[in-house]
Amino acid sequence: MELSKRQERIIEIVKDNGPITGENIAEQLNLTRATLRPDLAILTMSGFLEARPRVGYFYTGKTGFELITEKIKKFHVQDFMQIPIVVKEEVSVYDAISTMFLEDIGTLFVVNEDSCLTGVLSRKDLLRASIGQQDLNSIAVHIIMTRMPNITVCRKEDLILDVAQKLINKQIDGLPVVKDTNAGLAVIGRVTKTTITKAFVELTKENHV
Numbered sequence: 001m002e003l004s005k006r007q008e009r010i011i012e013i014v015k016d017n018g019p020i021t022g023e024n025i026a027e028q029l030n031l032t033r034a035t036l037r038p039d040l041a042i043l044t045m046s047g048f049l050e051a052r053p054r055v056g057y058f059y060t061g062k063t064g065f066e067l068i069t070e071k072i073k074k075f076h077v078q079d080f081m082q083i084p085i086v087v088k089e090e091v092s093v094y095d096a097i098s099t100m101f102l103e104d105i106g107t108l109f110v111v112n113e114d115s116c117l118t119g120v121l122s123r124k125d126l127l128r129a130s131i132g133q134q135d136l137n138s139i140a141v142h143i144i145m146t147r148m149p150n151i152t153v154c155r156k157e158d159l160i161l162d163v164a165q166k167l168i169n170k171q172i173d174g175l176p177v178v179k180d181t182n183a184g185l186a187v188i189g190r191v192t193k194t195t196i197t198k199a200f201v202e203l204t205k206e207n208h209v
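Sequential numbering of the sequence shown, starting at 1, is according to UniProt numbering.
To be clear, the hints were calculated from the coordinates, so they are not data collected in a lab.
Backbone N, C-alpha and C fix where the C-beta goes; we use that ideal spot for every residue, glycine too.
Fair warning: there could be bad hints in the mix.
To be verified - Cross-link-like lysine to any residue pairs, in silico, SDA-like; alpha carbons within 20 angstroms at most:
hint, residue 1, residue 2
1, Lys156, Asp125
2, Lys15, Arg52
3, Lys74, Ala199
4, Lys73, Gln165
5, Lys179, Ile151
6, Lys73, Gly47
7, Lys170, Ala183
8, Lys15, Ser4
9, Lys71, Gly61
Said to hold, decoys possible - Cβ-Cβ distance ranges computed for the label pairs, FRET-style:
hint, residue 1, residue 2, range
10, Asp180, Asn150, 14 to 24 angstroms
11, Thr152, Phe101, 16 to 26 angstroms
12, Lys15, Gly184, 11 to 21 angstroms
13, Asp95, Lys166, 26 to 36 angstroms
14, Lys74, Lys15, 25 to 35 angstroms
15, Leu102, Thr146, 16 to 26 angstroms
16, Ala51, Thr146, 22 to 32 angstroms
17, Lys5, Lys88, 40 to 50 angstroms
18, Asp180, Leu159, 17 to 27 angstroms
19, Thr152, Lys88, 34 to 44 angstroms
20, Ser138, Asp104, 21 to 31 angstroms
21, Glu2, Asp104, 45 to 55 angstroms
22, Ala34, Val201, 12 to 22 angstroms
Go ahead and model the full structure; you've got the sequences and the hints to work with.
Encoded structure:
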């Protein structure tokens, strides 16, 4: 978090003198308590300081990076998942390529007639199928897709950091968010590297890092 010089000075004062009241901090800065109130509120809400009634302000000892990390660890998939882009098993490779291009995504999820996950299509899968003289309109995606159970999935309750680790470990672009049904795993969302990047960027914007 990017602090103003006055906010940095407030932290120094609390570090050296805490617990210390807002009135005493204001005296050391030659400011009124009212002038100082917004800065103290920001530092407290951001986690740099802790306020205790009738006692004063304490320094938490946490850096801006540590505070950001703590917030990230509380994020769940359901907070950031996007609408899934799915295709049926019978769709042609040509149509799948068109869908991937139009939606500007790197992964398609293949579902059956019950809308349950049966496979995943990556850019590499479609590229390999495109090489050669094959008629892409005559090849169904279920022939080239990666099938269950060789698919990594996540659920809306999972931590976003755990999903990020899965993407890194598996070296893939995205994961389907699924829920259990009597018919199988229903696809209810998607999480991609871009999704997670946006989440982290939004978090740093929110905290003015």
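Each hint tested on the structure:
no.	hint	result
1	Lys156 to Asp125	26 angstroms, violated
2	Lys15 to Arg52	15 angstroms, holds
3	Lys74 to Ala199	12 angstroms, holds
4	Lys73 to Gln165	12 angstroms, holds
5	Lys179 to Ile151	14 angstroms, holds
6	Lys73 to Gly47	15 angstroms, holds
7	Lys170 to Ala183	27 angstroms, violated
8	Lys15 to Ser4	17 angstroms, holds
9	Lys71 to Gly61	16 angstroms, holds
10	Asp180 to Asn150: 14 to 24 angstroms	19 angstroms, holds
11	Thr152 to Phe101: 16 to 26 angstroms	24 angstroms, holds
12	Lys15 to Gly184: 11 to 21 angstroms	56 angstroms, violated
13	Asp95 to Lys166: 26 to 36 angstroms	28 angstroms, holds
14	Lys74 to Lys15: 25 to 35 angstroms	26 angstroms, holds
15	Leu102 to Thr146: 16 to 26 angstroms	22 angstroms, holds
16	Ala51 to Thr146: 22 to 32 angstroms	53 angstroms, violated
17	Lys5 to Lys88: 40 to 50 angstroms	60 angstroms, violated
18	Asp180 to Leu159: 17 to 27 angstroms	19 angstroms, holds
19	Thr152 to Lys88: 34 to 44 angstroms	21 angstroms, violated
20	Ser138 to Asp104: 21 to 31 angstroms	26 angstroms, holds
21	Glu2 to Asp104: 45 to 55 angstroms	33 angstroms, violated
22	Ala34 to Val201: 12 to 22 angstroms	35 angstroms, violated
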